[in-house]
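Please put together the full structure from these sequences, using the hints given.
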Amino acid sequence: MNIVGIDTSTNNCSVGLVCNGRIVDRIARIGRSMASEQLISLIDELLKKSITMEEIDAIAVSIGPGSYTGLRIGLSTAKGLAFARKLPVLPVPTMAVLESVARQTIDSDMVLMIKSHRDLAYHVCCRKEHPLSIDSIDIGYDIFSDIHQRYQNQHPYISPSEIVDADIKPVETLYPEGDHVAWLAHQHYQVLLSQSVPDLEPLYLSEFEVKNWKPKTESG
Amino acid sequence: MKILGIETSCDETSVAVLDDKTVLVNLVSSQLMHQQYGGVVPELASREHMRILDSLVTEALDKSQVELTDIDGIAVTRGPGLMGALLVGLSFAKGLAFATEKPLLGVNHVEGHIMANFLDHPELDYPFLCLLVSGGHTQIIFVKDFHDYTILGRSIDDAAGEAFDKAARILNLGYPGGPIVDRLARIGKPEFYHFPRANIKDNPTNFSFSGLKTALLYLVRQKGSEWAEKHKNDLCASYQEAIMDVLVTNTIETAIQRECRKLVLAGGVAANSRLRSRISEISMQYGISVYFPSLEYCTDNAAMISRTGRELYIRQLFSSSSISAVPNLTLENDF
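In the order they appear, the protein sequences are chains A and B.
No gaps in the numbering here: position 151 of the first sequence is 151 in our numbering, and each next residue is one more.
No gaps in the numbering here: position 250 of the second sequence is 470 in our numbering, and each next residue is one more.
Nothing false has been slipped in among the hints.
In silico negatives: residues of chain A with every beta carbon more than 12 Å from chain B:
#1 CYS19
#2 ARG103
#3 PHE144
#4 ILE163
#5 ALA166
#6 GLN187
Per label pair, the in silico range of CB-to-CB distance:
#7 GLY21(A) / THR278(B): 28 to 38 Å
#8 ALA435(B) / SER136(A): 51 to 61 Å
#9 HIS341(B) / MET1(A): 49 to 59 Å
#10 GLY21(A) / GLU287(B): 32 to 42 Å
#11 SER50(A) / THR242(B): 39 to 49 Å
#12 ASP109(A) / GLU552(B): 53 to 63 Å
#13 THR370(B) / ARG118(A): 43 to 53 Å
#14 LYS49(A) / LYS283(B): 38 to 48 Å
Keep in mind the hints are simulated off the structure, nothing from the lab.
Just so you know, these numbers come straight off a predicted model, no measurement behind them.
Glycine included, each C-beta is placed from N, C-alpha and C at the ideal position.
See the structure below:
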């Protein structure tokens, strides 16, 4: 089984290929507007090396939490790719992807943080002995100081985002990556397959509320 | 030639299939949840497009009985519009075009509104003068050919559609304002109150509507909301007439001056019944032929995007997979 993985949840636009459970390749570029402009050409580059679109069995996508715009670009592209040959779109939790990446170098309990906006971040503590569950991750959403209160630097902080805070010192900047998305999708294929529906949405997590919103007529 | 069209620039998700010049299907799903906020909430719009686009494409292909493999090109709006909303449609289209190895056709939504006229009037040909009126635009455009536009006049502040929305907000009529004001104005008296008609000195083909909205606001403040409620039909009729006077006068004068015998209306405000009747009436006096899209193609729709995509396809103007969504795309900065 061949799976293309896409992660655009951060400003790292990353795609990867997993064939029969083995990571074959990853191509990633970091930068603004990278996902909206370069995602397709990265996938093209990825496939050209070893495989054709016809040989792909599923599209796996990092589902969130993360940048709303990034997540939507990734999922919309995945849906478009999958539509042509009615492939499943497998939603992989971004925290599980980041955990998988971090586990290559970190051999202890750790706290994963993905910045939302201002001083708010999504966070989860990963135990060394118990990898995150693929379909129910208890993710916290707090301001930096509360996150620090909770973990007190007991475990290393891992984050793809720039966290500017006096107390929280991320030990390493690691990004969720497309090859890990595809690899996790292969590992948990049946569970994720049941979540492949046309109206699939990103895991926005923090509920969007319309506050202090002033109407403005848009062009069109 | 069959073109699949996708439109997600604002609060309508739309998918169409065009076979040569015939619309096989044009599905439009309007997002009604914005009404409670009095305008389009961008984040909500993006989320709704994300939810339904996939199913809408499936439904469009089913209803038109066209196989995806028989589609020649995939047309999609790349701007202007809301960034997040545009990206949902554009990203989907890019993925689809890549996986099917079909050409991607990035369409300017404004050009789409003009091209909507060719859906209803296949006999229409270039050149013509176009009055483009929508929530974001008020422009008089000389259209020499496809992709060849000269903007002769424009609004220096609010667009005409914006003026309608703002009036509806001041009068507490709901959203979107255009159709509501149009409906109430039909049973009101246009001579009830004389609102200002702005004339722009340096370019008489330009428009200004911001003073009009202010005049209404002050009037309602002065007379009170009860009075405004009681006279809402007359106020709508008078307000609308002020917009119409300027739109009609400037457009017809430009047509006469430029010796254009063909006049085309485009954009959401082209659905306004008073605009349609007044411009038809006066054009007849001057021997000018008037064209406007059917109501279905005045508002945002993917049929017009497909129709524009067809012209791009014929000219081999294919888009690269790296094209961006451009929220402020205009006819002038496009090419």
